[in-house]
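What follows is the residue order along each chain.
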Amino acid sequence: MEATVIRTGTEGKTWGGGNEPLRASYGKMMMWFFILSDALTFSGFLAAYGFSRFKFIDSWPIADEVFNHFPFLHGVDAPMYYVALMTFILIFSSVTMVLAVDAGHHMKKGKVTLYMFLTVIGGLIFVGSQAWEWKNFINGEYGAVTTKGGNVLQFVNGEGERMALEDIAIAQPAERVNHTKQSGIWFTSGESLPSYSLEEVKAGFLANEDLLIRSQRTNEEGHKTILTREESLAKMNNEAVGVVEGANLTHNEYGPPLFADFFFFITGFHGFHVFSGVIINIIIFFNVILGTYERRGSYEMVEKVGLYWHFVDLVWVFVFTFFYLV
Amino acid sequence: MAHSTSQKHESNTKRIWYVFILLSVVTIAEVILGIIRPDFLVNTHLFSMKLLNWIFIILTIYKAYYIAWAFMHLEGESKGLRRSIVWTSIFLISYLMFILLTEGDYIHEVYKNNYVVWDF
Numbered sequence: 030m031e032a033t034v035i036r037t038g039t040e041g042k043t044w045g046g047g048n049e050p051l052r053a054s055y056g057k058m059m060m061w062f063f064i065l066s067d068a069l070t071f072s073g074f075l076a077a078y079g080f081s082r083f084k085f086i087d088s089w090p091i092a093d094e095v096f097n098h099f100p101f102l103h104g105v106d107a108p109m110y111y112v113a114l115m116t117f118i119l120i121f122s123s124v125t126m127v128l129a130v131d132a133g134h135h136m137k138k139g140k141v142t143l144y145m146f147l148t149v150i151g152g153l154i155f156v157g158s159q160a161w162e163w164k165n166f167i168n169g170e171y172g173a174v175t176t177k178g179g180n181v182l183q184f185v186n187g188e189g190e191r192m193a194l195e196d197i198a199i200a201q202p203a204e205r206v207n208h209t210k211q212s213g214i215w216f217t218s219g220e221s222l223p224s225y226s227l228e229e230v231k232a233g234f235l236a237n238e239d240l241l242i243r244s245q246r247t248n249e250e251g252h253k254t255i256l257t258r259e260e261s262l263a264k265m266n267n268e269a270v271g272v273v274e275g276a277n278l279t280h281n282e283y284g285p286p287l288f289a290d291f292f293f294f295i296t297g298f299h300g301f302h303v304f305s306g307v308i309i310n311i312i313i314f315f316n317v318i319l320g321t322y323e324r325r326g327s328y329e330m331v332e333k334v335g336l337y338w339h340f341v342d343l344v345w346v347f348v349f350t351f352f353y354l355v
Numbered sequence: 345m346a347h348s349t350s351q352k353h354e355s356n357t358k359r360i361w362y363v364f365i366l367l368s369v370v371t372i373a374e375v376i377l378g379i380i381r382p383d384f385l386v387n388t389h390l391f392s393m394k395l396l397n398w399i400f401i402i403l404t405i406y407k408a409y410y411i412a413w414a415f416m417h418l419e420g421e422s423k424g425l426r427r428s429i430v431w432t433s434i435f436l437i438s439y440l441m442f443i444l445l446t447e448g449d450y451i452h453e454v455y456k457n458n459y460v461v462w463d464f
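Protein chains in written order, with the numbering used here: chain F, 30 to 355; chain E, 345 to 464.
With the rest of the complex left out, here is chain F (with noise of 0.2 Å):
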């Protein structure tokens, strides 16, 4: 085996390896290697989302429309505070974060402790906020009608306001059966009935002589374009094949399918990251308290746990960037 090394007389210079290039230890640099191949995963993302809103870019809804929902303000229009405020407390936790890489370099334990553990805190709220804008934008808050083309339909009145389906819908005498297992022999499931059947949102549309559509296109200014009453009963009348209340995978009230799906999986790969980070920092934590760190001498499991949490903010900043704001 000798024979095959090689001997280029560069050992211990630069170009040999030998005096550590890079001057990192082996655990910050693998911590890199992962960061950098998932920033690139998070890039492909997002560049993936950036393809289909450009291609659907006169029909993607308007974010500030969908994402306005704040805790206790029940009917406000608050579009960006929440999320903005999600921003804030991730970009916090990362600064307490940091806070205990730099107490850890000092070897000062408790302060160690206390900074990772309102790390974690921080952590657990961004999670459970995110489940909480989850939560809205897949209950939905208008409702749609579902055209044969794959489009979606909102309602307004003639101020332009949004109507939702059940400030529309009028009952009608037709018999609507959510079919369940036990009334057939070889029935196993079947698609849940919305709260309201088109023909009740079209009867209503058509008695309430003050409705509008509101077509997913828009126009010249940046706002969705809204048809005349001639229009609007026209589209009602030939394209409507159904209801849509909220969010899943294959259909959602707000406009192309692909945009709840990139909403959910790409908030959702990072909401993934965010609790994996709580999770390993809850580890880390404890290891703290039992002073394992104190007994290696150096902190530096801190530094690199630190850099897999700054890094799940750094793809936040991105994410909110492209999902909210641009």
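There are no misleading hints in this set.
In silico BS3-like pairs for lysine-lysine, Cα to Cα no more than 30 Å straight-line: (1) LYS456/E - LYS177/F; (2) LYS333/F - LYS358/E; (3) LYS137/F - LYS333/F; (4) LYS177/F - LYS253/F; (5) LYS57/F - LYS423/E; (6) LYS253/F - LYS456/E; (7) LYS423/E - LYS358/E; (8) LYS358/E - LYS137/F; (9) LYS333/F - LYS57/F; (10) LYS140/F - LYS358/E.
Derived from the structure by calculation, the hints contain no laboratory data. Source: prediction; values computed, not measured.
Knowing the structure of chain F, use the given hints to seat chain E on it.
Then chain E, alone, in the frame of chain F:
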């Protein structure tokens, strides 16, 4: 960037809080712009994108720079490590973005201008 690894035991608390305030101010500015959406910025286009969106993206990269340099402490790492991380991602991500956004725009044009009705 002047920091070297030998200096890292000196406390950085002051810089950490400075960066936190900076990130907060930028985020607040983004949120305010996002809520107001000034007509001037929305209607001015630069390289076929709204000026407002350019501002958002530049501010995002500005924030990302501070997170990576101050919080992830890239400013204290060796030049080689820093460059292998930053340039790798910058080249690959810009290439990916360029290809996918160009293609997305092309498909949009096809949908818009061809003779097949897809919104029926």
